[in-house]
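Undergrad: Sequence:
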Amino acid sequence: MAAAGERSFAQMGLDARILQAVAELGWAAPTPIQEKAVPLALEGKDLLARARTGSGKTGAYALPLLQRLLAAKASALVAEQAVRGLVLVPTRELARQALRMFRRLAAYCARDVRAVDLAGPEDTAVQRPLLMEKPDVVIGTPSRVLAHLQMQNLRLQNSLEILVIDEADLLFSFGFEEDLKNLLCHLPKIYQTFIMSATFNEDVQTLKELVLHNAVTLRLQESPLPDSSQLSQFQIQCETEEDKFLLLYALLKLSLVRGKVLLFVRRIDRCYRLKLFLEQFGIAACVLNSELPAQSRCHIISQFNRGIYSYIIATDEQDLAEPEGTSRKRKKGAKGEKGKDQEYGVSRGIDFHNVSAVFNFDFPPSFESYIHRAGRTARVHNPGTVLTFVLPSERLLLAKMEEALTAESASKYTLTPYQFQMGEIEGLRYRCQDAMRSVTKQAIKEAQLREIKEELLNSEKLKTYFEDNPRDLNLLRHDKPLHPAIVKPHLRNVPEYLGRDHVLE
Numbered sequence: 225m226a227a228a229g230e231r232s233f234a235q236m237g238l239d240a241r242i243l244q245a246v247a248e249l250g251w252a253a254p255t256p257i258q259e260k261a262v263p264l265a266l267e268g269k270d271l272l273a274r275a276r277t278g279s280g281k282t283g284a285y286a287l288p289l290l291q292r293l294l295a296a297k298a299s300a301l302v303a304e305q306a307v308r309g310l311v312l313v314p315t316r317e318l319a320r321q322a323l324r325m326f327r328r329l330a331a332y333c334a335r336d337v338r339a340v341d342l343a344g345p346e347d348t349a350v351q352r353p354l355l356m357e358k359p360d361v362v363i364g365t366p367s368r369v370l371a372h373l374q375m376q377n378l379r380l381q382n383s384l385e386i387l388v389i390d391e392a393d394l395l396f397s398f399g400f401e402e403d404l405k406n407l408l409c410h411l412p413k414i415y416q417t418f419i420m421s422a423t424f425n426e427d428v429q430t431l432k433e434l435v436l437h438n439a440v441t442l443r444l445q446e447s448p449l450p451d452s453s454q455l456s457q458f459q460i461q462c463e464t465e466e467d468k469f470l471l472l473y474a475l476l477k478l479s480l481v482r483g484k485v486l487l488f489v490r491r492i493d494r495c496y497r498l499k500l501f502l503e504q505f506g507i508a509a510c511v512l513n514s515e516l517p518a519q520s521r522c523h524i525i526s527q528f529n530r531g532i533y534s535y536i537i538a539t540d541e542q543d544l545a546e547p548e549g550t551s552r553k554r555k556k557g558a559k560g561e562k563g564k565d566q567e568y569g570v571s572r573g574i575d576f577h578n579v580s581a582v583f584n585f586d587f588p589p590s591f592e593s594y595i596h597r598a599g600r601t602a603r604v605h606n607p608g609t610v611l612t613f614v615l616p617s618e619r620l621l622l623a624k625m626e627e628a629l630t631a632e633s634a635s636k637y638t639l640t641p642y643q644f645q646m647g648e649i650e651g652l653r654y655r656c657q658d659a660m661r662s663v664t665k666q667a668i669k670e671a672q673l674r675e676i677k678e679e680l681l682n683s684e685k686l687k688t689y690f691e692d693n694p695r696d697l698n699l700l701r702h703d704k705p706l707h708p709a710i711v712k713p714h715l716r717n718v719p720e721y722l723g724r725d726h727v728l729e
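The sequence shown begins at 225 in the working numbering and counts up one residue at a time.
The set of hints was computed from the structure by calculation and includes no laboratory data. Quantities reported herein were computed from a predicted structural model and do not represent experimental measurements. Using N, Cα and C, we set each Cβ at its ideal position, and we do this for glycine too. Be careful, since some hints might not be right.
Said to hold, decoys possible - Label pairs and their in silico Cβ distance ranges:
1. S299 / N406: 46 to 52 angstroms
2. P616 / Q235: 52 to 58 angstroms
3. L408 / Q454: 51 to 57 angstroms
4. G483 / A252: 20 to 26 angstroms
5. D451 / S299: 41 to 47 angstroms
6. F458 / G531: 40 to 46 angstroms
7. I414 / R335: 43 to 49 angstroms
8. A252 / K636: 40 to 46 angstroms
9. R619 / Q235: 25 to 31 angstroms
10. G531 / R231: 32 to 38 angstroms
11. Q381 / F458: 24 to 30 angstroms
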């Protein structure tokens, strides 16, 4: 039941079938962004909404979009089946997530409303039959949607009613500015637009000028991250790179952090260096990056959400494509690095379930990156922890990030120093040094190539055999050791005198 002054889902005038799906999802009451955005959207207003990751932004646009479609179906004025909703997202993973949410909300009206995801790895020719059926909603990245428009597989000039741009603060930084501008030429003159974003940066302002008309701007009076009662944010000062590896080893091996953990690093080779390092101690971890096939990435996330893996090492290459302050426009005809999926993104909006902690093993390249990484934990009402490793050369960056957090939160913001008895883990240093010596550049390169080959095979299996045998998916694991020959047995066990009780202050 909604509290006094709050509007319930039933009071929003939503279709009974939508309300039934909402109840099944366990949404007792609208989140703040849903409470404000849904009624305005149902009035036909353009919206520019800022709300933090995990605040229910997807529901805030999916509910009015679905209601509008059902109303159109019930109207005698609408007879022809056509694409009336377009949802643009920066990554394939976000497209799948949006489709999944839309289908769950449309569970009781699935015969009346259909949505398709065009962001998958399939060729446009393979996707063409899906568009020939004229689904009600199309979800995809700007580049893929534009490709279908240019091939005339998709026509929106006379039918589009609602355009949604989700995670808008990322769209241009992922190189979609030109694609989006070209795509807009294929849309009608009049349509309703929703722009959803975790932050309001210059790119969002540019988008606003491109697509919004007399829009209502929603800036929820909230910090970009949950408060300290839900999200604990720590920093660990590390004098050297070796100290970072030593501290991580101690944290994981001594179970000082429990539950599922996302570890963010700055480059793909760092993913494999960290994975191989942890393997020395019998700590299994998955690598998630843009070089892996899309099917494998989705399967890794799915298994992580089901608790099969405890640790994922991830990177977001787009964050590091160009330094802050330089132009992020994609040059015409420019291609990404060979083998990398240019529509991949981990820290940005992906729905990881029940993540206990996020480790910024490598310092985030920007304030926005920190917000999106931290947003993977402490979602909805669950508690979470963010732990950022800081080298001496990064202390100024830490101060600037704390200033930015303070400005966004309207109160003094500092990352709490993590209390740790460094002297008590010095006895582990020789183990750490042993493991680091084993992880050579050649070992990293070989491991990277080996995993890509294995995941390509896994991806093909996922597409064929495992579609018919879903139970066997559990047998396909992504955290297998990549370099078992170099693991030294004595490193797997920690002597009792170096146990966790001697480390915590």
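Undergrad: Take the hints in turn and mark each one as holding or not.
TA: Status of the hints after comparison with the structure:
One distance hint, 46 to 52 angstroms for the beta-carbon pair S299 and N406, is violated here, with the actual separation near 32 angstroms. Between P616 and Q235, the C-beta spacing of about 55 angstroms keeps the proposed range 52 to 58 angstroms intact. Checking the proposed 51 to 57 angstroms range against L408 and Q454 shows it is violated: the Cβ atoms sit about 39 angstroms from each other. At about 25 angstroms, the beta-carbon gap between G483 and A252 stays in the expected band of 20 to 26 angstroms.
Distance hint check for D451 and S299: the Cβ-Cβ separation is about 45 angstroms, which falls inside the suggested range of 41 to 47 angstroms. Taken as a hint, the range 40 to 46 angstroms is violated for the pair F458 and G531, whose Cβ atoms sit roughly 24 angstroms apart. I414 and R335 have their C-beta atoms about 29 angstroms apart, which leaves the hinted 43 to 49 angstroms range violated. As the Cβ distance of A252 to K636 is approximately 34 angstroms, the hint placing it in 40 to 46 angstroms is violated.
A hinted range of 25 to 31 angstroms for the beta carbons of R619 and Q235 is inconsistent with their spacing of about 50 angstroms. Distance hint for G531 and R231: a CB-CB separation of about 36 angstroms, consistent with the stated range 32 to 38 angstroms. In this structure the hint that Q381 and F458 lie 24 to 30 angstroms apart at CB is violated, the actual value being about 52 angstroms.
Going down the numbered hints, you'll see the structure goes against 1, 3, 6, 7, 8, 9, 11, while the others check out.
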